[in-house]
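Asker: Listed below are the residues making up each chain.
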Amino acid sequence: MNSIQSLVKDLADTHGRKRESLLPIMQGVVTREKFLSEYAMVEIAREIDISAAEVYGTATFYSFLETQKMGKYVIRLCKTITCSMKGKNQILLAIQNMLKVGLGETTSDGKFTLLETNCLGWCHKAPAMLINDEVYTELTPEKVRETLTMYMNKNDEN
Amino acid sequence: MANSYLLKRADFIFRNENDWEQILSNSIKKKPQALINELISSELKGRGGAGFPTGLKWKLAAEAKSDVKYIICNADEGEPGTFKDREILSKVPFKVLTAMAVCGYITGARQGYIYLRGEYKFLEDELNKVIDEFEYYCKEIKLDFKIDVFMGSGAYICGEETALMESMEGYRGEPRNKPPFPTLEGYEGKPTVINNVETLAHAYTIFKEGAKKFYDLGVQYSRGTKLFSVSGDTPKPGIYELELGMSLQDFVYEFGDGDTKAVQVGGASGFLVPRKKFKDAAIGYQGKLTGISLPTGGSMMLFNSSRSMYNVLDNYLEFFREESCGQCTPCRVGCQQLLLGIKAVKRGEKPASYLEKLLRLTETMQYTAKCGLGQSVANSFSSIVENFREEMIY
Numbered sequence: 001m002n003s004i005q006s007l008v009k010d011l012a013d014t015h016g017r018k019r020e021s022l023l024p025i026m027q028g029v030v031t032r033e034k035f036l037s038e039y040a041m042v043e044i045a046r047e048i049d050i051s052a053a054e055v056y057g058t059a060t061f062y063s064f065l066e067t068q069k070m071g072k073y074v075i076r077l078c079k080t081i082t083c084s085m086k087g088k089n090q091i092l093l094a095i096q097n098m099l100k101v102g103l104g105e106t107t108s109d110g111k112f113t114l115l116e117t118n119c120l121g122w123c124h125k126a127p128a129m130l131i132n133d134e135v136y137t138e139l140t141p142e143k144v145r146e147t148l149t150m151y152m153n154k155n156d157e158n
Numbered sequence: 001m002a003n004s005y006l007l008k009r010a011d012f013i014f015r016n017e018n019d020w021e022q023i024l025s026n027s028i029k030k031k032p033q034a035l036i037n038e039l040i041s042s043e044l045k046g047r048g049g050a051g052f053p054t055g056l057k058w059k060l061a062a063e064a065k066s067d068v069k070y071i072i073c074n075a076d077e078g079e080p081g082t083f084k085d086r087e088i089l090s091k092v093p094f095k096v097l098t099a100m101a102v103c104g105y106i107t108g109a110r111q112g113y114i115y116l117r118g119e120y121k122f123l124e125d126e127l128n129k130v131i132d133e134f135e136y137y138c139k140e141i142k143l144d145f146k147i148d149v150f151m152g153s154g155a156y157i158c159g160e161e162t163a164l165m166e167s168m169e170g171y172r173g174e175p176r177n178k179p180p181f182p183t184l185e186g187y188e189g190k191p192t193v194i195n196n197v198e199t200l201a202h203a204y205t206i207f208k209e210g211a212k213k214f215y216d217l218g219v220q221y222s223r224g225t226k227l228f229s230v231s232g233d234t235p236k237p238g239i240y241e242l243e244l245g246m247s248l249q250d251f252v253y254e255f256g257d258g259d260t261k262a263v264q265v266g267g268a269s270g271f272l273v274p275r276k277k278f279k280d281a282a283i284g285y286q287g288k289l290t291g292i293s294l295p296t297g298g299s300m301m302l303f304n305s306s307r308s309m310y311n312v313l314d315n316y317l318e319f320f321r322e323e324s325c326g327q328c329t330p331c332r333v334g335c336q337q338l339l340l341g342i343k344a345v346k347r348g349e350k351p352a353s354y355l356e357k358l359l360r361l362t363e364t365m366q367y368t369a370k371c372g373l374g375q376s377v378a379n380s381f382s383s384i385v386e387n388f389r390e391e392m393i394y
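First to last, the sequence lines map onto chains P and G. Counting from 1, one number per residue, gives the positions in the first sequence under this note's numbering. Counting from 1, one number per residue, gives the positions in the second sequence under this note's numbering.
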């Protein structure tokens, strides 16, 4: 059994093999793999005994369940009104300049993916972004460069 | 300024209290009917924005005949400009859990869920710890009630109650037709009470302080207090608990930066009120007060005169276009066409009179869209286009 197979099996053991288990299982795969590969979706479908098309159809509805390969750290910058008013574009430029990627792209070392997202619920501390599940608020270009440097220097093992 | 209500601050929700155990054990000694009557007489209405009477909702679910029922706490707080639910769940989660358990006792439900939006995943572990402690106490007082956290995965539409249930059942978060309403056929087709986080926190206050204290706050049709999420061009953004029924004028006087041009009440799906209408607008549920009365989920976004209302509308429409679930045509195609339409008018590719056609389109969406998302696009669109027409064109 390869690692995706055993991950899906473990998740199904925890969350069950009913239709209600589909979202938690997909979320579990995304937490570790950062995205749902075609292979993973077929494995999930097999494990809980539904059609792979159903898995794909459900996954593509949710913006946090990516079906394209993602970097190790997924940056989601909020683009909704307050963040946009409070200088989201400067933050976006700072990130793009530093990582040399455009929106929706992944750095060549596979470490970062840059995305925009809708309201994160931090309007009073705008602009805000998520890196994986971690929130960063009241961003400035300096602050965002500091944060990204920290992630760049993070040890790859964990 | 006739009939002006000055802002009345209140402090119920975030008041730190360690008496939830007592409230819970006292409540479940009372008769369910007595608790429902208490809630009904407090006139508490849903704080998520729609404003359905909470007591009535619990009563309907209690009367529904079924062995299995569910209580769901809706923490899929996706409306732009709203962030109060996150604060409640991180600061006073026990109040929400207690209200859920009391609701379970009243309706006969033994299982509760908190549907937490994916963006708030960092709250999950802490919340699960609190739930463990809570369930331990439930066991001690022999109350059969379990609570689980269900994570969302980044979909605004899942805040709509039936879409949320579809999502929990493992499907695409597409709203269902109503009726049947969730109190009769909700999660897994069983009677379900689904309440906003803040509604449950208020229910806790009512069980603790009694209905009268709550009813005495606010104004007619809009009783009690409400949390407001204040953001945008304001010197003091944050979360404030205020009595309902205040005029927008007073609100801006307190929170504006002296140059407030317009306030968006109720997030992207709410209304934009221009400066000249501040004194006629009151914040509360329907029922005429001083003029227009605006229901709200608590999102208040202030814009000063440096902001272009065209950019604001453009931002909202892009939001709606992305977040529309795509199930019904008026909303799926409508949101796209509205965005293309205002862009075309701005670029001069369409005459200014094209805005009237777009307004008619929003009217169609209001009548034909399946759920609140498509129906409410008309709110912000027409209030912005009608009040700031010149900014849309030039």
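To be clear, the hints were calculated from the coordinates, so they are not data collected in a lab. No experiment lies behind these values; they were computed from the predicted model shown. A hint or two may mislead.
[As the list claims (entries may be wrong)] Below, a list of computed lysine-lysine pairs in the DSSO-like style, where the Cα atoms sit at most 30 Å apart:
#: 1; chain 1: G; residue 1: LYS29; chain 2: G; residue 2: LYS208
#: 2; chain 1: P; residue 1: LYS111; chain 2: P; residue 2: LYS100
#: 3; chain 1: G; residue 1: LYS146; chain 2: P; residue 2: LYS111
#: 4; chain 1: G; residue 1: LYS121; chain 2: P; residue 2: LYS34
[What the hints assert, rightly or not] So the derived list for chain G, only partly shown, Cβ under 7 Å to chain P, looks like this:
#: 5; residue: GLU77
#: 6; residue: PRO80
#: 7; residue: LYS121
#: 8; residue: SER153
#: 9; residue: ALA155
#: 10; residue: PRO237
#: 11; residue: GLY238
#: 12; residue: ASP257
#: 13; residue: ASN315
#: 14; residue: GLY341
#: 15; residue: ALA344
Where is the CB? At the ideal position from N, CA and C, for every residue including glycine.
Asker: With chain P as the partner, please determine if G:PRO237 meets the hint condition of a C-beta pair closer than 7 Å.
Answerer: holds (4 Å)
Asker: Does P:LYS111 lie within 30 Å of G:LYS146 when you go C-alpha to C-alpha?
Answerer: Given that 30 Å is the threshold and the Cα spacing comes to 40 Å, the pair is violated.
Asker: Using Cβ atoms only, decide whether G:SER153 comes closer than 7 Å to chain P, and label the hint accordingly.
Answerer: Since chain P brings a Cβ to about 4 Å from G:SER153, closer than 7 Å, the hint holds.
Asker: May I ask you to test the interface hint for G:ASN315 with respect to chain P, counting a Cβ-Cβ separation under 7 Å as satisfied?
Answerer: With Cβ-Cβ at 5 Å, under 7 Å, it holds.
Asker: Taking only the CA atoms, is the gap from G:LYS121 to P:LYS34 under or equal to 30 Å?
Answerer: holds (15 Å)
Asker: Given G:GLU77 as an interface hint, is the shortest Cβ-Cβ distance to chain P below 7 Å?
Answerer: holds (6 Å)
Asker: Is the interface hint for G:GLY238 satisfied, with its Cβ closer than 7 Å to some Cβ of chain P?
Answerer: Nearest chain P Cβ about 5 Å off; hint holds.
Asker: The hint names G:LYS121 as touching chain P; please verify it with the least Cβ-Cβ distance against 7 Å.
Answerer: Hint holds; G:LYS121 Cβ to chain P Cβ min 4 Å, cut 7 Å.
Asker: Is the shortest C-beta separation between G:GLY341 and chain P less than 7 Å?
Answerer: Result: violated, 19 Å to nearest chain P Cβ.
Asker: With a cut-off of 7 Å on the beta carbons, see whether G:ALA155 makes it to chain P.
Answerer: holds (5 Å)
Asker: Quick check on the hint: G:PRO80 CB to chain P CB, less than 7 Å?
Answerer: holds (4 Å)
Asker: Identify whether the interface hint at G:ASP257 stands, where standing means a beta carbon of chain P within less than 7 Å of its own.
Answerer: Cβ of G:ASP257 sits 13 Å from chain P, so the hint is violated.
Hint check: violations occur at hints 3, 12, 14, 15; the rest are consistent with the structure.
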